[in-house]
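Engineer: Chain residues, written in single-letter form:
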Amino acid sequence: MALEKRSNFAHLTVAVPFLWLALFFLLPFLIVFKISLSDDAVAQPPYGPVFSLGEGWTVLRDKLAQLDLENYAFVLGDWLYIYSYLQSLLLAALATAILVLVGYPVAYAIARSPRGLRPVLLLLVILPFFTSFLIRVYAWIGILSREGLLNQLLISFGAISQPLEILSTNLAVVIGMVYSYFPFMVLPLYAALERMDDSLLEAAADLGATPSQAFWRVTVPVSAPGIVAGALLCFIPAVGEFVIPDLLGGSDTQMIGRTVWNEFAVNRSWSVSSALAILILLVLLVPILIYQRMQLRELESR
Amino acid sequence: MAMRKGLSPVTVTALAGGLAFLYVPLILLVIYSFNDSRLVTVWGGWSTRWYLGLLHNQALMDAAWVSLKVATVAATLATILGTLAALALVRAGAFRGRTLFAGLVYAPLVMPEVITGLALLLLFVAIDFDRGFWTVALAHVTFTMCFVAVIVQSRLLTFDYSLEEAALDLGATPFRAFFSVTLPVILPAVAAGWLLAFTLSLDDLVIANFTAGPGNTTLPMRIYSQVRLGVTPEVNAISTVFIVVITAVVLAASLAMKWQQEKIESR
Numbered sequence: 001m002a003l004e005k006r007s008n009f010a011h012l013t014v015a016v017p018f019l020w021l022a023l024f025f026l027l028p029f030l031i032v033f034k035i036s037l038s039d040d041a042v043a044q045p046p047y048g049p050v051f052s053l054g055e056g057w058t059v060l061r062d063k064l065a066q067l068d069l070e071n072y073a074f075v076l077g078d079w080l081y082i083y084s085y086l087q088s089l090l091l092a093a094l095a096t097a098i099l100v101l102v103g104y105p106v107a108y109a110i111a112r113s114p115r116g117l118r119p120v121l122l123l124l125v126i127l128p129f130f131t132s133f134l135i136r137v138y139a140w141i142g143i144l145s146r147e148g149l150l151n152q153l154l155i156s157f158g159a160i161s162q163p164l165e166i167l168s169t170n171l172a173v174v175i176g177m178v179y180s181y182f183p184f185m186v187l188p189l190y191a192a193l194e195r196m197d198d199s200l201l202e203a204a205a206d207l208g209a210t211p212s213q214a215f216w217r218v219t220v221p222v223s224a225p226g227i228v229a230g231a232l233l234c235f236i237p238a239v240g241e242f243v244i245p246d247l248l249g250g251s252d253t254q255m256i257g258r259t260v261w262n263e264f265a266v267n268r269s270w271s272v273s274s275a276l277a278i279l280i281l282l283v284l285l286v287p288i289l290i291y292q293r294m295q296l297r298e299l300e301s302r
Numbered sequence: 001m002a003m004r005k006g007l008s009p010v011t012v013t014a015l016a017g018g019l020a021f022l023y024v025p026l027i028l029l030v031i032y033s034f035n036d037s038r039l040v041t042v043w044g045g046w047s048t049r050w051y052l053g054l055l056h057n058q059a060l061m062d063a064a065w066v067s068l069k070v071a072t073v074a075a076t077l078a079t080i081l082g083t084l085a086a087l088a089l090v091r092a093g094a095f096r097g098r099t100l101f102a103g104l105v106y107a108p109l110v111m112p113e114v115i116t117g118l119a120l121l122l123l124f125v126a127i128d129f130d131r132g133f134w135t136v137a138l139a140h141v142t143f144t145m146c147f148v149a150v151i152v153q154s155r156l157l158t159f160d161y162s163l164e165e166a167a168l169d170l171g172a173t174p175f176r177a178f179f180s181v182t183l184p185v186i187l188p189a190v191a192a193g194w195l196l197a198f199t200l201s202l203d204d205l206v207i208a209n210f211t212a213g214p215g216n217t218t219l220p221m222r223i224y225s226q227v228r229l230g231v232t233p234e235v236n237a238i239s240t241v242f243i244v245v246i247t248a249v250v251l252a253a254s255l256a257m258k259w260q261q262e263k264i265e266s267r
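Line by line, the protein sequences are chains A and B.
Here our numbering is used: the first residue of the first sequence is 1, the next is one more, and so on.
Here our numbering is used: the first residue of the second sequence is 1, the next is one more, and so on.
FYI, nobody ran anything at the bench for these hints, they're computed from the structure.
Predicted model only: the values in this text are computed from it and were never measured.
C-beta atoms are modelled at their ideal positions from N, C-alpha and C, and glycine is treated no differently.
A few of these clues could be false.
As the list claims (entries may be wrong) - To give a feel for the contact side, a few chain B residues facing chain A, derived at Cβ under 7 Å:
#1 A14
#2 L15
#3 G18
#4 L29
#5 L81
#6 L84
#7 A85
#8 F95
#9 V110
#10 V125
#11 S225
#12 V227
#13 I246
Taking the hints into account, I'd like the entire structure generated from these sequences.
Structural biologist: Right under this line is the structure:
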């Protein structure tokens, strides 16, 4: 009796969010895919063919026959688009690598700090994440610009005589990404390090390992899932980043998120922007699936 | 061994460096919002005139109002849906389509916003849903509910069911058992989820840019169009207000949750 009642409730908890996500997350991607196979049209909506309910079989067949891979051929045949994908992957990978190097010592220090202090330190790391992303990126414009604070500081110390050109370069984009995604890297790393069993380190020490050997051969491997989770959490959204390259990047910054937006808003080509989006998804499919599997395993492990 | 457990000079330096990296840009931003000079990079003495200017910037005030409305509606719906999703993931057992469902919950966490925004816009166009307040709100519900689900899920994983089972055995309906036994315990996580959803919605630029209709310009969209024109003390002032309000709310919420937690533990 209780079991049956509970299963009705369980059905409800599954059905409602499932339907929501199917309607507002899964279905939209199917529509993007369909539009990526369509052609641009001077119409409302600006693509064709448009399917509607209640059409005859022959009409439907004609329209289906109009769908093709033309947009994909166009995108893949244009070196500028390929460059855009490669640059996005490269800059995101570079930022992720720096994030691991910068985030690991911080996460490690928090995990090693006194138990009572940890929630405070964690809150300090998370707090900037709550304040606006846009504002955090904006803060760097004032620091990195030609007349910005960094150049003023370096010139007043006599370190440089000419201001450095950092804003509007890919370097500024990487700095912006490292800054913005920092909490996303520290949190999973901290979670992995905090769970680590200290007796492992004691065993290593008893077996004659130096602290640095113990660190590289015990701590780092044990925290590997945290490194992977943090890296995916930063890398995947960074590849499609729009705000950071738009505000901090220059004319040679052609990251794909910005390209999709330009194709959509400036060139008004919905079909090409859809094809670009589907290609990003294809590139990111493997990392996304790994991330989902890790989350699911985490769920099952407890 | 105390040596490994404690903080060495190296780890303290790492921590201080990391926190400085996080906070120095924000502190500079706040300081320069009080700059009397219109040139942001030249210090012209202290002034609060940019703050007074904000109050007379009607477009900005309208955008802030739109954002607050969207964020309140989106966070509330997202909290309900996200909590249900967390219950489904942790409690519903192995139902058919569970892997797909989990995928749908976790994918929006990492999905580049440009793609989510484009996809939602194309959905709204395909079903002929005019862009406006509700399209932004629904879009925000969809991506923020997944963050709520993750937060509530981690709380549910450490939750002891025996209490709820006792309530069910005593004849409570599952709804009643949920509201009187489970919900009070997971409430801090649900509240944290609401707060995160609220700030994510308040902060979103890209998805709103795709899905907002004319007349529903949100605060980030307004700030963004001002930022594109360059760094001005006025934008610094808006940013400072934003930072102060959010910081105060988050600190108050975390103190409240700590207090709530202690109350539960002392029982």
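Engineer: Regarding the hint that A85 of chain B lies at the interface with chain A, is the smallest CB-CB distance below 7 Å?
Structural biologist: holds, 4 Å
Engineer: Quick check on the hint: L84 of chain B CB to chain A CB, less than 7 Å?
Structural biologist: With a closest approach of 5 Å, the L84 of chain B hint holds.
Engineer: Against chain A, run the beta carbon of V110 of chain B and see if the smallest gap drops under 7 Å.
Structural biologist: At about 4 Å, which falls below the 7 Å cut-off, the nearest Cβ of chain A leaves the hint on V110 of chain B intact, so it holds.
Engineer: Let me know if the C-beta of L81 of chain B comes in closer than 7 Å to any C-beta of chain A, holds or violated.
Structural biologist: This hint holds: L81 of chain B lies near chain A, its Cβ roughly 5 Å from the closest one there, short of 7 Å.
Engineer: Would the stated hint for F95 of chain B survive a check requiring a Cβ distance to chain A of less than 7 Å?
Structural biologist: holds, 6 Å
Engineer: Taking 7 Å as the limit, does the beta-carbon of G18 of chain B come near enough to a beta-carbon in chain A?
Structural biologist: Interface hint status for G18 of chain B: holds (4 Å vs cutoff 7 Å).
Engineer: Taking the closest Cβ pair, is L29 of chain B under 7 Å from chain A?
Structural biologist: holds, 4 Å
Engineer: With 7 Å as the cut and Cβ atoms as the points, is V227 of chain B at the interface with chain A?
Structural biologist: With a minimum Cβ separation of about 5 Å from chain A (threshold 7 Å), the hint on V227 of chain B holds.
Engineer: Grab the minimum C-beta distance from I246 of chain B to chain A and call the hint holds if it beats 7 Å, violated otherwise.
Structural biologist: Where the cut-off is 7 Å and the nearest Cβ of chain A is about 5 Å from I246 of chain B, the hint holds.
Engineer: Does S225 of chain B pass the interface check with chain A, least Cβ-Cβ distance below 7 Å?
Structural biologist: violated, 11 Å
Engineer: Tell me if the interface restraint on V125 of chain B is satisfied: Cβ within less than 7 Å of some Cβ in chain A.
Structural biologist: Where the cut-off is 7 Å and the nearest Cβ of chain A is about 5 Å from V125 of chain B, the hint holds.
Engineer: Does the nearest C-beta of chain A fall within a distance shorter than 7 Å of the C-beta of A14 of chain B?
Structural biologist: holds, 3 Å
The structure is inconsistent with hint 11 alone, although it conforms to all the rest.
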